[in-house]
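Take these sequences, add in the hints, and give me the full structure.
In order, the protein sequences belong to chains E and F.
Using the working numbering, the letters of the first sequence correspond one by one to residues 1 to 331.
Using the working numbering, the letters of the second sequence correspond one by one to residues 1 to 202.
Each hint should be verified, as a subset may be incorrect.
One-sided excerpt, in silico: chain F residues whose CB lies under 10 angstroms from chain E [as the list claims (entries may be wrong)]: (1) Val87; (2) Thr178; (3) Tyr179; (4) Thr185; (5) Ile187; (6) Leu188; (7) Glu191.
In case anyone wonders, no lab produced these hints; they're calculated from the structure.
Source: prediction; values computed, not measured.
The beta carbon of each residue, even a glycine, is placed where N, CA and C say it ideally should be.
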Amino acid sequence: MKASEGVFDESVVYVTEQGTQVRTDEGRIVVWDVDGDGGELATYPTEQLDTINVFGGVNFSTPFVAEANEYGIVLNYFTENGQYRGSFVPEKNTIAEVRRAQYALSEADELAIAKAMIRAKIRNSRTLLSRKGVHGTEVLKDLGVRAENATDEDSLRGTEGEAAERYFDRLDETLTDGWTFEQRTKRPPEDHVNSLLSLTYVMVKNEVLSALRQYNLDPFLGVLHADRHGRPSLALDLQEEFRPIFCDAFATRLINRGTITHDDFNADNRLSDDAFKTYLGKFDDYLQEEFTHPYFEYSVTRRKAIRQQAILLRKAITGELDEYHPLEMTR
Amino acid sequence: MTASSFKDELVHVSALNEYVYCPRRLYYQRYHDEIGTPYELVDGRSKHRGQAERGGWTTERYFRDDDLGLHGKIDLVESGDGTLTPVERKRAESGDYYPSDEVQLAGYCMLLECAIGESVNVGYIYLYSSDQRHAIHITDKHRRTVREIVRRISDMEVDNVPPLTDNPDKCEACSARTYCMPAETAILEPEKANETGWEGHG
Ligand code: SF4
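Have a look at this one:
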């Protein structure tokens, strides 16, 4: 079987060069060096793109924004070091029938989808540990079964929390000498590993967010994460299954291969500007790397796999498929 | 989920072609705005533009007819010896046109005859790939097919996703494939592929 067609992999663009403007020029999108004398830095066919992520001092020309609206291109704004600031979402990215189905999900439907996601997350945690030679993770296996049998959202959250704790306890063993991961901390990240993980979660969350938007699901209405003003709950839900295999795997790779060293961090544990640029480049490469899909058996990039999960989620929500099929990596 | 349909709405002539190709594809296009944009289409569009500017022809005339339940733009209407003949341009790579193109052309002929009050029994399909035009004689069978398909399209409902196509070869060339995921569906929920061309591909 061959991978389905699609242009996902060239469909997301990162613009990090400061002092540039994104404009439109005869059916193409051009990144222009306004402040410097670099001229045209990059150009893409408008038809091909669905997401542009800009970091810091990058601006869009007004005709370009009109074109983004027409072509359904989502624009995400970040600060120079990767903090999300907001998005421009084209009009067409709201298909009433899909939204209606999403808002009409029953509690039982939501729980079924959430269970599948958490079951996959726990399975993927075990898979990552075992790939790194960490054994003795039967407790995670049991917790996976418990997630599968959860009868309400609270017990599912409880199981998820316990599994995360067990998993992070062992993640340290996957890191090379000189790096330790004390405990998962969020705000603010207290050490370099946590900082790198947090950044990677944000980056992958944005990929998931773009994918959900591309397929017209409302990213702010979740199935498990509590809906809170300004929190993309559904993106956080869908991200769960990718956390171990895509996020944690990427962060540990950067550390273990020495791509990022302790010297790359500032006093507040954030990556320095240069290191952040390196990070973004590696991140984009990583998403474009292929792996063999566990059920479809073709080669697929990580970015495309994320998009496919958004499609599968949408099909489960609109009733085109009977259940949500998460991405579960067993090896 | 609420059911809605396209009753009371006119069917676009291009939808005839889409429906004959694969009803599911038309469903995605109409309810989910999801057909993808393959490069050949982009290419075809720019060719259209170029041709329309060349002049000398009546290009891109819009027609509608409430009784037929159809509307759409005809690419080009040629007038020779007092008769009007619709021309539909196709970018088919294979150098051939499909039955679905014939149905679409029949739809144009029927719209045109409603507009001018005279029968239009011939239309042309022009193929870019071979630079050939093919005269198509519009028969009663064509007309019946058009009416039947208009009816079926009007009866489509959001809660009824049409099944996968009975001919997987069509999926190879289908721009909705990434979204439709026929092979993946056959693997994940094989019963959804029952009695379609994807049965047993799981
Ligand atoms: S991929 Fe195949 S089944 Fe799906 S819409 Fe296209 S032709 Fe129809």
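Hints, verified against the model:
1. Hint on Val87 of chain F is violated. Least Cβ distance to chain E is approximately 26 angstroms, over the 10 angstroms limit.
2. A least Cβ separation of about 4 angstroms between Thr178 of chain F and chain E falls short of the 10 angstroms threshold, and the interface hint therefore holds.
3. Proximity of Tyr179 of chain F to chain E holds as hinted, the smallest CB-CB distance being about 6 angstroms (cut-off 10 angstroms).
4. With its C-beta approaching chain E no nearer than about 7 angstroms, Thr185 of chain F sits inside the 10 angstroms limit, and its interface hint holds.
5. For Ile187 of chain F, the interface hint holds, the least distance from its beta-carbon to any beta-carbon of chain E being 6 angstroms, beneath 10 angstroms.
6. The interface hint given for Leu188 of chain F is met, as the beta carbon of that residue sits about 5 angstroms from the closest beta carbon of chain E, less than 10 angstroms.
7. With a least beta-carbon distance of about 9 angstroms to chain E, the hint placing Glu191 of chain F at the interface is held under the 10 angstroms criterion.
When held up to the earlier numbered hints, the structure conflicts with hint 1 and nothing else.
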